[in-house]
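K.L.:
Residue numbers (my numbering), protein chains in the order written: chain A, 241 to 583; chain B, 241 to 583.
Heads up, a few of these hints could be off.
A pair holds if it fits inside one copy or across any two, identical chains being indistinguishable in the list.
Distance condition first, Cα-Cα at most 20 Å in a straight line; then the derived SDA-like pairs of lysine to any residue [claimed, not checked]:
(1) Lys299 / Glu342
(2) Lys299 / Ala327
(3) Lys473 / Asn351
(4) Lys299 / His355
(5) Lys299 / Arg347
(6) Lys297 / Asn287
(7) Lys299 / Gly357
(8) Lys297 / Pro286
(9) Lys299 / Glu346
(10) Lys299 / Glu563
(11) Lys473 / Glu455
(12) Lys248 / Gln480
Derived from the structure by calculation, the hints contain no laboratory data.
2 protein chains.
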Amino acid sequence: MNLEDIAKLSRVSRSTVSRVINDDPNVRESTRQRVQEVIRQMNFQPNLAARSLAAGKTKVIGLVIPMGVSTMFTDPYFPMLIKGVSAACNANDYSVMLWLAEPEYERRTINQVLHNGMIDGVVVASVLMDDLIVQALVRSNMPFVLIGRHPTMAQVSYVDVDNRGSSRQLIQHLIGLGYRRIATITGAQNMIAGSDRLLGYMEGLSQNGIPIEMELIVPGNFSEEGGYAAMQKLLPHRPQAVFVASDTMAVGALRAIQQTGLTVPDEIALAGFDDMPFAEHLSPPLTTVYQPVHETGMRAAETLFDLLADPESGPIHVTMPTEIVIRQSSGAGPSSAAGLPNP
Amino acid sequence: MNLEDIAKLSRVSRSTVSRVINDDPNVRESTRQRVQEVIRQMNFQPNLAARSLAAGKTKVIGLVIPMGVSTMFTDPYFPMLIKGVSAACNANDYSVMLWLAEPEYERRTINQVLHNGMIDGVVVASVLMDDLIVQALVRSNMPFVLIGRHPTMAQVSYVDVDNRGSSRQLIQHLIGLGYRRIATITGAQNMIAGSDRLLGYMEGLSQNGIPIEMELIVPGNFSEEGGYAAMQKLLPHRPQAVFVASDTMAVGALRAIQQTGLTVPDEIALAGFDDMPFAEHLSPPLTTVYQPVHETGMRAAETLFDLLADPESGPIHVTMPTEIVIRQSSGAGPSSAAGLPNP
DNA sequence: CTGAAAGCGCTTACAG
DNA sequence: CTGAAAGCGCTTACAG
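Construct all of the structure, not just a fragment, from the sequences and the given hints.
P.N.:
This is how it looks when you write it as structure tokens:
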């Protein structure tokens, strides 16, 4: 069943059927209806490969997720992101081709993405600061949008959440409660979100005149185990509050705290980032930052569609709104007993 | 940059370049090397769309995940599955096109999958017993393999884990510890895994001559909240042990138990299914069934490749091995042995 | 508003 | 072992 068949059945030429399918206005209304009826009855779907070859576009976008940081794939961030992208595609008649870019296939993946002639553009979950794929994309003429801003190149389009600003806000909230000795467990610093959240932490302190102490900054690598180990290093320094750069790490951090018999938030306050589904079920429920992951995925895809529709529309930068979610883990301020600087 | 260009640079015809790319043995070794060198230098990638159109195959497979049960998308099952499929594709020079089949687009998704001419075959995460997409696939001539067995049609290929057998084994283990009054919180019964795990539970009891009591079987719908609510209904009936058909539900069930002040496993034993990453971090660590999700995804893709290579190889049925994982939540037997902390 | 024809970049009998 | 040519199913100037 192809264009030719539909043409015969509708008593028009192949060209006209093609015009109907592509919503070309230059078709008489009665003709259009006749052809559409045949298409419907035959349950006809134009062959994408042929279409792609002839028109140079496919209505398919690529979604690239660098898997170097595979720890992140066990929490719901990427699934939600994928779902968002997929939902936007469904709603706009696009399909999505998925590349989980494992490091060992990185080089080949890049080539596939750029040259396979099967996609119109690509959305890249740009977690790493120096992603090879991003560099290659910039040099190519493949339209793309990043999820996560690019640290240096202003000409690339991206959709991001305000990691830095909302981290700063969260620190501000903790300071407002009276905490002064505030530590942080950071995410991987070669990841944009990790870097921005740390920056937000430092800004929050410094805009309140609180000196930054390096011993209160411990790397946690975005994993549950990393959070656990980091908190163990942190505890001897007796922070009043700890800002953990992801909820997943916060789970590990909480485990480390509770193992020593300390209580949250009375003896040490805790805050996370992401507002993952499990955050409100922890005990105590976790203060954190909500980021709209699903919407971010959708928006990234939609931004790409815009770019595809009008390539001149230049670099588009979108920042999705976040929201501080106050729960019990951040407590009501320092107790007299805890947090005295120094052992 | 296309076949023609490569042909010119290598001083051969387009046909020969094509043969080199497709590993046709009918090429003189020296010619092959010359052409390959040019391809490498030019970083040439054949256009998939053209290839697809000419050859009738694309080296792309579809991966369809019905999202009716979107609660399941927040735990790592689907991510791991996707990752497995993707890994197998990377290793075999295939790409994957992802369809998250949201119910509202179901009809259209099916058409896209079947007729878009962009994929050679499809892997379907066949969670529902009566999936429309499966029915359509059976009627079409698109090669496919299901993840999860099909309840009625023996002619379809699938890769599944032994939900029924391993549930039975787990029940056997509980009985071996001395528990008799064993309840279950079931998964959705329109899902194959949900149904099979319940069957395994019943078999386990009946092969030990323990009568099945309907009040000890409560539906939990595979969600954390469902597990919580189900356990609340179950507690008044005072089961000695509860087999929860997923770890995610077990988290909710545990919450419900602990809210009443009862302790696990001393006053009530608990077991889950899936061995999700968080299972060993619960307190107490959860006895459960490990299933190799990543490997299942890989195997499904590989099975599809086999089917594609030899369409006559008939329906292929693979059952992946599972493993009972004994942790502390199942305890050491009913209350007489209570009070002893873990090893 | 419509059709005939060229062309997108490949593969694959066919002939040599 | 290699090349010339047809053809895969579309789109899109071009001509009318």
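K.L.:
Are the CA atoms of Lys299 and Glu563 at most 20 Å apart within a copy, between copies, both, or neither?
P.N.:
Neither, since 34 Å and 43 Å both go past 20 Å.
K.L.:
Within a copy, between copies, both or neither: which one fits Lys297 and Asn287 at a CA-CA cutoff of 20 Å?
P.N.:
Intra 12 Å, inter 12 Å, cutoff 20 Å: intra and inter.
K.L.:
Given a CA cutoff of 20 Å, do Lys299 and Gly357 count as a within-copy pair, a between-copy pair, both, or neither?
P.N.:
both (11 Å within a copy, 13 Å between copies)
K.L.:
Is the C-alpha distance from Lys473 to Glu455 at most 20 Å within one copy, between copies, in both cases, or in neither?
P.N.:
For Lys473 and Glu455, the Cα distance is within 20 Å only inside one copy (9 Å; across copies 49 Å).
K.L.:
Could you figure out if Lys297 and Pro286 sit no more than 20 Å apart (CA to CA) within one copy, between two copies, both or neither?
P.N.:
Classified as both: same-chain Cα gap 13 Å, cross-chain 16 Å, threshold 20 Å.
K.L.:
Within a copy, between copies, both or neither: where do Lys248 and Gln480 come within 20 Å Cα-Cα?
P.N.:
Answer is neither; intra-copy 78 Å and inter-copy 71 Å both fail.
K.L.:
Which holds for Lys299 with His355 at a C-alpha limit of 20 Å: within a copy, between copies, both or neither?
P.N.:
The answer is both: 16 Å in one copy and 14 Å across copies each meet 20 Å.
K.L.:
How would you label the pair Lys299, Arg347 (within, between, both, or neither) given a Cα cut-off of 20 Å?
P.N.:
Classified as between: cross-chain Cα gap 18 Å, same-chain 25 Å, threshold 20 Å.
K.L.:
Within a copy, between copies, both or neither: where do Lys299 and Ala327 come within 20 Å Cα-Cα?
P.N.:
Within one copy, since 14 Å is at most 20 Å while 25 Å is not.
K.L.:
How would you classify Lys299 and Glu346 at a CA-CA limit of 20 Å: within, between, both, or neither?
P.N.:
between (24 Å within a copy, 18 Å between copies)
K.L.:
Go through the copies and call it for Lys473 and Asn351: within, between, both or neither, with a Cα cutoff of 20 Å.
P.N.:
neither (43 Å within a copy, 56 Å between copies)
K.L.:
I want to check one pair: Lys299 and Glu342. Are their C-alpha atoms no more than 20 Å apart within a copy, between two copies, both, or neither?
P.N.:
Between copies only: 19 Å across, 25 Å inside.
This entry does not satisfy hints 3, 10 and 12, going by the numbered hints stated previously.
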